[in-house]
Amino acid sequence: MQIKLKCNCGETKCLEWALVELQGVVEPQSTFQDRIQNLEIGILCRPSAQEMYTFTVGYHELTGSKVSLKKPLLVLKKTRSVDEDQSSDIKSGNAELEVIGIIRQRILFKTRPKALISSAMFNPTMVFASSEPEPLVKERSRASGSAVKGQTT
Amino acid sequence: MEQQNPHGRGADAVLNLQPNSSISIAYHSLFGPHDDLVLLEVDEKLLEEVLHQRVSIRGQPEEDAVFCTKSKTYGIKYVGTSNSVLLIPPSGRSEYYKNELDSHQTDNSKEVAPVIKVAPGIMELHEIAPRIDKLKLLLSEEPYSFADEWENEAADKYEKRMYSWDDLINKVQASDDELKAGLQALSAVEIDGYWRIVDEKYMDSMLQMLLHNRILNDWSLDALDEDVIMKVMKMDGFPEKLVQHCLHVYGDKLDGNEGKSCLWRLDEKRVCVHFAREVLRKGKMKLEHLMDEWRQKIPLGMCANFDMLEGEVLTERLGVETWVRGFRVCQLPSNPAERFTILFKERPKWEWKDLQPYIRDLTVPGLSSEGLLLKYTRRTQPNPEAEAVFSAR
Chain A
1 MQIKLKCNCG ETKCLEWALV ELQGVVEPQS TFQDRIQNLE IGILCRPSAQ EMYTFTVGYH
61 ELTGSKVSLK KPLLVLKKTR SVDEDQSSDI KSGNAELEVI GIIRQRILFK TRPKALISSA
121 MFNPTMVFAS SEPEPLVKER SRASGSAVKG QTT
Chain B
1 MEQQNPHGRG ADAVLNLQPN SSISIAYHSL FGPHDDLVLL EVDEKLLEEV LHQRVSIRGQ
61 PEEDAVFCTK SKTYGIKYVG TSNSVLLIPP SGRSEYYKNE LDSHQTDNSK EVAPVIKVAP
121 GIMELHEIAP RIDKLKLLLS EEPYSFADEW ENEAADKYEK RMYSWDDLIN KVQASDDELK
181 AGLQALSAVE IDGYWRIVDE KYMDSMLQML LHNRILNDWS LDALDEDVIM KVMKMDGFPE
241 KLVQHCLHVY GDKLDGNEGK SCLWRLDEKR VCVHFAREVL RKGKMKLEHL MDEWRQKIPL
301 GMCANFDMLE GEVLTERLGV ETWVRGFRVC QLPSNPAERF TILFKERPKW EWKDLQPYIR
361 DLTVPGLSSE GLLLKYTRRT QPNPEAEAVF SAR
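Protein sequences, first through last, are from chains A and B.
Under the UniProt record's numbering, the first sequence has 144 at position 144, and the numbering climbs by one with no breaks.
Under the UniProt record's numbering, the second sequence has 119 at position 119, and the numbering climbs by one with no breaks.
The reader is advised that the hints may include incorrect statements.
Simulated crosslink set (DSSO-like; lysine-lysine; CA at most 27 angstroms straight-line) [unchecked claim]:
no. : chain 1 : residue 1 : chain 2 : residue 2
1   : A       : LYS70     : B       : LYS77
2   : A       : LYS78     : B       : LYS136
3   : A       : LYS4      : B       : LYS180
4   : A       : LYS13     : B       : LYS45
5   : A       : LYS70     : B       : LYS45
6   : B       : LYS234    : A       : LYS4
7   : A       : LYS77     : B       : LYS180
8   : A       : LYS110    : B       : LYS117
9   : B       : LYS134    : A       : LYS4
10  : A       : LYS4      : B       : LYS136
11  : B       : LYS241    : A       : LYS4
12  : A       : LYS78     : B       : LYS171
13  : B       : LYS284    : A       : LYS78
14  : A       : LYS66     : B       : LYS117
15  : A       : LYS6      : B       : LYS70
16  : B       : LYS45     : A       : LYS66
17  : B       : LYS171    : A       : LYS77
18  : A       : LYS4      : B       : LYS282
19  : B       : LYS136    : A       : LYS6
20  : A       : LYS114    : B       : LYS117
21  : B       : LYS171    : A       : LYS110
22  : A       : LYS13     : B       : LYS70
23  : B       : LYS70     : A       : LYS71
24  : A       : LYS78     : B       : LYS45
25  : B       : LYS136    : A       : LYS77
26  : B       : LYS171    : A       : LYS71
27  : A       : LYS6      : B       : LYS45
28  : B       : LYS269    : A       : LYS4
29  : B       : LYS77     : A       : LYS78
30  : A       : LYS6      : B       : LYS117
31  : A       : LYS70     : B       : LYS70
32  : A       : LYS6      : B       : LYS171
33  : B       : LYS282    : A       : LYS71
34  : B       : LYS284    : A       : LYS71
Facing chain A, according to a computed beta carbon distance under 7 angstroms, are these residues of chain B, among others [what the hints assert, rightly or not]:
no. : residue
35  : LEU86
36  : LEU168
37  : LEU211
38  : ASN213
What the hints contain is simulated information worked out from the structure, not anything from laboratory work.
Note that the structure is predicted; figures quoted are calculated from it, not measured.
Heads up, the beta-carbon is just placed ideally off N, CA and C, and yes, glycines get one too.
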């Protein structure tokens with residue numbers, strides 16, 4: 001079968017999406033795990049005129065910069081026409097793919113997180129768990145997050 | 001109370017974040033895995049093709065999908081990441097921002113950029129050779145033959161496995177241009193809306209009849225008048241479409257006869273190779289035997305030359321005798337790995353001059369013919385003067 005890649009935005013107006021990339025994983029505290037919708041992950045800040053950014057997640061601050069992608073990324077959305085009969089949902093005969101956006105740059109945080117000591121300003125609902133390389137940091141960040149669990153409720 | 005949001009939101013706010021300011025990054029009210037959203041990496045050239053809606057994804061459910069532009073085929077590779085890739089849609093996408101004022105619990109005076117999903121990876125494209133062998137397989141199911149003309153027209157059409165252009169696009173993983181080239185390489189012809197190859201017996205009798213008529217009517221092999229041929233061949237029972245096809249397969253149209261009927265010149269090599277194949281069908285034989293029989297078959301005015309049979313026969317020296325056997329490059333798979341496997345099964349060692357006709361049509365994007373040899377063969381050369389010999393790796 002063939003799926004035509006649709007693009008309604010045309011040449012001029014393909015809406016740009018933003019991409020924030022960080023090493024490791026951010027996880028909400030266990031009390032928020034089931035209702036993370038609308039939950040704040042962190043604060044993105046541009047401290048100067050340069051394209052340098054900080055991202056504060058829980059008690060951790062990341063430093064990064066905005067970089068252009070060598071090759072753009074297209075955001076595609078898979079859709080399935082509804083006019084097919086119910087029985088044939090395995091057969092994806094009417095699948096469609098549509099370009100709904102483009103990503104040309106990303107804000108990349110590739111440094112290890114810096115711990116912010118004793119700051120009551122931040123809402124510690126999020127923990128930053130660096131997935132690499134040594135598990136020690138993961139342990140530590142979990143510990144700092146759980147330490148303030150009481151404050152959030 | 002809707003649409004009164006004075007603050008920038010979404011991707012735009014992040015991308016245009018002013019110096020000395022900040023924005024809250026939060027999970028979207030619709031945050032989730034959103035498996036229907038995928039990221040596809042494209043270079044600027046491919047981007048152009050996509051924006052003009054000239055690309056498609058092709059493949060059967062059980063095949064790895066490929067990405068096709070008009071002229072090229074790309075493999076699609078999923079590349080996962082262990083980083084957290086937060087995707088923030090632009091505020092212009094109403095489907096993601098409809099109820100946002102109601103649902104957002106964050107302080108309304110603060111700018112918020114909502115993350116719709118964390119992308120686990122992206123799709124990358126790399127150019128590949130089209131998977132064109134399937135075309136041969138499909139068209140070989142039901143070659144056009146005399147049976148097509150004897151049968152009661154409409155009755156059996158449904159049972160036949162025949163394919164229209166649209167059927168082929170849906171079944172063969174190749175771009176439009178590559179599919180067209182593939183059809184041409186197979187000498188396929190579109191008959192009543194279906195792409196067919198014509199079986200060899202039928203082609204043979206058509207060519208024989210044409211050559212027979214040429215003698216009867218004293219036509220020149222270098223200037224066959226299309227209108228006249230059509231009229232005569234029609235009386236012999238051949239449909240016009242197939243006679244046309246016969247001329248295309250064995251001849252070339254001559255230019256510069258505007259206003260009048262087209263002239264065709266039969267191609268010596270193609271006609272001769274056709275008759276050599278007829279002889280070689282009998283199996284392994286002595287070279288002299290082939291040459292004798294072959295020369296008897298070819299039309300007057302043409303000259304058979306063993307060099308014409310590159311990629312058609314394998315020769316073998318047994319003592320003082322030379323034996324030949326039909327082995328056609330056009331019947332080998334176009335996938336290099338499969339091709340070399342068959343070649344080395346046929347013969348463990350190949351000299352370059354023998355091997356070359358059987359691999360020169362192979363093309364792999366990003367791999368030169370030297371690279372191809374390096375990848376699939378082992379080259380041995382006992383001394384610098386000796387012929388290089390290729391064997392399996």
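Checklist entry - For this structure, which hints from the list above don't hold up? => result 2, 6, 7, 11, 13, 18, 19, 21, 25, 26, 28, 33, 34, 36, 37 and 38
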